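Please model the complete structure; the sequences and the hints are all you need to start from.
What follows is each chain in one-letter form.
Protein chains: 2
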Amino acid sequence: MNFPNKVKINEVGPRDGLQNEAELVPAAAKIDWINMLSETGASYIEVSSFVHPDWIPQLKDATEVAKKIKRNPDVTYAALVPNNKGLDRALEVNVDEICLFLSASETHNKNNINKTIDQTLPIIENVSSKAKESNKQVRGYVSTVFGCPYEGDIDVEKVISICDRLFTMGVDEISIGDTIGVADPVQVDKVLTKLLKYFPKDKLAMHFHDTRGTALANVLVSLNHGITNFDSAVGGLGGCPYAKGASGNLATDDLLYMLHRMGIETGMNIDKVIESALYIENYVSSLSSHQMKIINSER
Amino acid sequence: MNFPNKVKINEVGPRDGLQNEAELVPAAAKIDWINMLSETGASYIEVSSFVHPDWIPQLKDATEVAKKIKRNPDVTYAALVPNNKGLDRALEVNVDEICLFLSASETHNKNNINKTIDQTLPIIENVSSKAKESNKQVRGYVSTVFGCPYEGDIDVEKVISICDRLFTMGVDEISIGDTIGVADPVQVDKVLTKLLKYFPKDKLAMHFHDTRGTALANVLVSLNHGITNFDSAVGGLGGCPYAKGASGNLATDDLLYMLHRMGIETGMNIDKVIESALYIENYVSSLSSHQMKIINSER
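Chains C and A are the protein sequences, given in the same order.
Following the working numbering, the numbering of the first sequence begins with 1 at its first residue and continues without gaps.
Following the working numbering, the numbering of the second sequence begins with 1 at its first residue and continues without gaps.
Hints are computed from structural coordinates only; laboratory data are not their basis.
Don't take each hint at face value.
[To be verified] Only pairs whose alpha carbons sit at most 30 Å apart, straight line, appear in this in silico DSS-like list of lysine-lysine:
1. A:K201 to C:K190
2. A:K190 to C:K190
3. C:K115 to C:K6
4. C:K194 to A:K6
5. A:K244 to C:K244
6. C:K8 to A:K201
7. A:K194 to C:K6
8. C:K190 to A:K8
9. C:K6 to C:K244
In this text the structure is predicted, and so the values were computed from the model without any measurement.
Right, dumping it as structure tokens:
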């Protein structure tokens, strides 16, 4: 096996983490927390989501949070945007990067945003082009790539065709999501082998959830394919929307433990990451990261 | 990457799991539980440890448990044995396989059994030879191979020399242990590359703990080396003696989820394994397996 020397980590805790936690975290705490995250060596932080506040009440304070955080010039601050209205709000607070999203599963997309995939694509194409006019980086999220709670297996050809549309509309990078944390290493190997026939490896990020404990094994396979871009959330924030109490996003701290010990650089400080996980733990129910379990057991 | 089609799993929950849990489980519950495990398709179950009851009070009922379980002829029932006295007790109840143990770390061995490695080897050599005379299979455990809580890194040459002694004394198989769950995939790759220069892959089993979340990634690297023999404990029993509340043994149910989805046969039934984990959960504090978290969140 052959691994890269350096990896970029995208901290998605304030967005993908908090949006799946039951608790509403006060804006002031989010701001303090993101300020802590900004000092961990992170180069990318997803601060919130500019969806309609009724959709995700946990992130209804997106504008306030994005406005009041202290910007570290070494960090790209990103936010999720579903449509032009969301884009206007994101541009108003001048986030650095715009994240578009859709699902590789027709049913999941429909249940998530009440539109078919074909109805969704022109909307985000429009957002992408406007974001580009405003000189913003654009990231695309493709979710449920490795399995859907409604449809089960997802055809890789469908994922390829969606990625193709996203890159054609000018998206800079696509995050390939295992939204419900079902992927196994053989599947990741197969999916990446196909995707990398069409798209360059430095344009893809992998987004694993640790619901069934396979996230780091899936990271390993991705590293072996030369992927150097991974999404994660401090403390393993985010649970699983389909099984409350289950593990959520791959924990940034678990990812850092493995990568650093493998001799792979990330630029991030694991102690500071754990500190920021301990901070947000005061506002949500128990976190699922292994590093946190060790720390908490020693307190 | 290249993976085997079939893997053997050694269920160590009743021994390595329970010995690291704070609670004393009643013998009757252990017996019921091991009887459940015997019906999961498991081919190997480590039922207890014949160490002095003062050392590990959790397993002081080894004789009663081994005597009263219902033996499934398809299962090898094994037990840990530290010396001739322990062997006599194990032979009295006619376990199928005798497990010897020592640490690759001098300090850990001393703290664990109050003897140097050089003092330990002749003792277990004697036990091994007597066990063989009684037509028993003999398994050797080498612990703290990937790191020791007292000494830190362990020299692989030390591990090789211990394994060599064990195989020379007639041990049939050696379990290579990451006792405190620190191993990373690059380290596992390096250690296995060296070990497999000296010893055949079908004589080695890998014993990972999931303390830091890396167990399945380490299994993946081992599979890629052709290892087909893994130790695990249902529900992730066993905690971590150095950080109470932290994750313990690699959960058999997590291991099965990954292997089965990768298309690798184990002969075990994951639903029955989870049932047996739910049973023992009534007697110990919360289990750490991801499959259990999903099940418990749905109850």
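Evaluation of the provided hints:
1. A:K201 to C:K190: holds (26 Å)
2. A:K190 to C:K190: holds (26 Å)
3. C:K115 to C:K6: violated (38 Å)
4. C:K194 to A:K6: Status holds; Cα separation ~26 Å.
5. A:K244 to C:K244: holds (24 Å)
6. C:K8 to A:K201: violated (35 Å)
7. A:K194 to C:K6: With Cα atoms ~26 Å apart, K194 of chain A and K6 of chain C stay inside 30 Å; holds.
8. C:K190 to A:K8: holds (25 Å)
9. C:K6 to C:K244: Violated, at roughly 34 Å.
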